[in-house]
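Protein sequences, first through last, are from chains G and W.
Residues in the first sequence are numbered consecutively from 1, following UniProt numbering.
Residues in the second sequence are numbered consecutively from 1, following UniProt numbering.
These are calculated hints, taken from the structure and not from any lab test.
Every residue, glycine too, gets a C-beta built ideally from N, C-alpha and C.
Sample of chain G residues at the chain W side, in silico, Cβ under 8 Å:
id, residue
1, Lys65
2, Glu69
3, Val80
4, Phe100
5, Ser103
Number of protein chains: 2
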Amino acid sequence: MSKGKEEVKLLGVWASPFVMRARIALNIKSVGYEFIQENLGSKSELLLQSNPVHKKVPVLIHDHKPVSESLIIVEYVDQVWSSSPSMLPSHPYDRAIARFWASYLDDKWYPTLKGIGGAKGEEERKVLIQQVEEGLALLEEAYKKISKGKPFFGGDRIGYLDIAFGSFLGWIKVTETVFGTALIEEVKTPGLAKWAEKFCEDVAVKPVMPETKKLVEFFYFLRAKFAGSA
Amino acid sequence: MSKGKEEVKLLGVWASPFVMRARIALNIKSVGYEFIQENLGSKSELLLQSNPVHKKVPVLIHDHKPVSESLIIVEYVDQVWSSSPSMLPSHPYDRAIARFWASYLDDKWYPTLKGIGGAKGEEERKVLIQQVEEGLALLEEAYKKISKGKPFFGGDRIGYLDIAFGSFLGWIKVTETVFGTALIEEVKTPGLAKWAEKFCEDVAVKPVMPETKKLVEFFYFLRAKFAGSA
Numbered sequence: 001m002s003k004g005k006e007e008v009k010l011l012g013v014w015a016s017p018f019v020m021r022a023r024i025a026l027n028i029k030s031v032g033y034e035f036i037q038e039n040l041g042s043k044s045e046l047l048l049q050s051n052p053v054h055k056k057v058p059v060l061i062h063d064h065k066p067v068s069e070s071l072i073i074v075e076y077v078d079q080v081w082s083s084s085p086s087m088l089p090s091h092p093y094d095r096a097i098a099r100f101w102a103s104y105l106d107d108k109w110y111p112t113l114k115g116i117g118g119a120k121g122e123e124e125r126k127v128l129i130q131q132v133e134e135g136l137a138l139l140e141e142a143y144k145k146i147s148k149g150k151p152f153f154g155g156d157r158i159g160y161l162d163i164a165f166g167s168f169l170g171w172i173k174v175t176e177t178v179f180g181t182a183l184i185e186e187v188k189t190p191g192l193a194k195w196a197e198k199f200c201e202d203v204a205v206k207p208v209m210p211e212t213k214k215l216v217e218f219f220y221f222l223r224a225k226f227a228g229s230a
Numbered sequence: 001m002s003k004g005k006e007e008v009k010l011l012g013v014w015a016s017p018f019v020m021r022a023r024i025a026l027n028i029k030s031v032g033y034e035f036i037q038e039n040l041g042s043k044s045e046l047l048l049q050s051n052p053v054h055k056k057v058p059v060l061i062h063d064h065k066p067v068s069e070s071l072i073i074v075e076y077v078d079q080v081w082s083s084s085p086s087m088l089p090s091h092p093y094d095r096a097i098a099r100f101w102a103s104y105l106d107d108k109w110y111p112t113l114k115g116i117g118g119a120k121g122e123e124e125r126k127v128l129i130q131q132v133e134e135g136l137a138l139l140e141e142a143y144k145k146i147s148k149g150k151p152f153f154g155g156d157r158i159g160y161l162d163i164a165f166g167s168f169l170g171w172i173k174v175t176e177t178v179f180g181t182a183l184i185e186e187v188k189t190p191g192l193a194k195w196a197e198k199f200c201e202d203v204a205v206k207p208v209m210p211e212t213k214k215l216v217e218f219f220y221f222l223r224a225k226f227a228g229s230a
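Please construct the entire structure, taking both the sequences and the accompanying hints into account.
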């Protein structure tokens, strides 16, 4: 669908899993783009104009037209640069299942993971960690069914659900490091443990996956900032 | 994509806007289906087995395979019964825009509308009504841009975003009736007022759009039930 010389910009921040989704999708499709780092404390005019409703990153700007919301960007990239392999499954049922789990991750699972850092007290934190683990058990089961023995949810290649889930791996590692808990590991989630390793090694992922050490530092920075403003 | 004799069941409840989305999509594609009314106070085994993660309606069961989440069902129906006109825009950018607003409706706008009924006191209710109206002003603007003078977001025919938004019209009318406020009307939202009328008259919508009077009764029933359990 895409032809000739085109302008592709991505407004984002390095630590955001949602921004990472857009970057992985663009990498998979070998689309060159300008990455414009936003300062969320002082958002740029371009961001405010491009996403006036949510004022959030990521925003993909393709030939001056803005597209917002990470999974919508992934689908857009998949459809526009359609000569490369598709990220969404081709069969309608497989596609519905991939969308189902991506929506589960965003609406239920990730808000719980995020809540662990801000939990009030050890008791609340334990409950949230348990909920995250229950979610991972569901995802382990889903992985076995969907991947059918292949390395990725998308089969032999990274697909839509791999991107949706894999973009959280950095923050999963932060949670494991900071709170001394194992979330994805060989005994409880053997399939996901192998999947996560392969995902992080992938040529489309490696250049945009932040180092855990940097993310952990950023976590403490954010925590200090919120504590200060509370 | 679909061929021959097939079994299509929909698990739902009559008053749910999300269930209505699936029904409108099936009507647009002229797909016959068995509508199985669930009692949400005592969910059926079939529902619990078909949607074990959320245990929620709607669930479409197509040849024994369950698909959950209303907008995912709409996309699934669109792709499976692909010989009829498509509900999703064909151009990737138009598609991304339709998805953006559908996601805005579900994540931001509808939770606010829903909150009006449960507001604690007049002050909180006023704030929520104002937020709903601000959202409708955004949607009025989006309608003008997207429909380009045609009756629907989808152009001459009801499309994905029409279904996503139009399914809330019954509960918008309930809110207007119960709280004596005008939300979609000719002065503030002239485009949406005409659109809503056309939408409700459509042959795919009319048979599944509940009467406002019945929905209002159901609202008071739910309110009494929640007040009793509080």
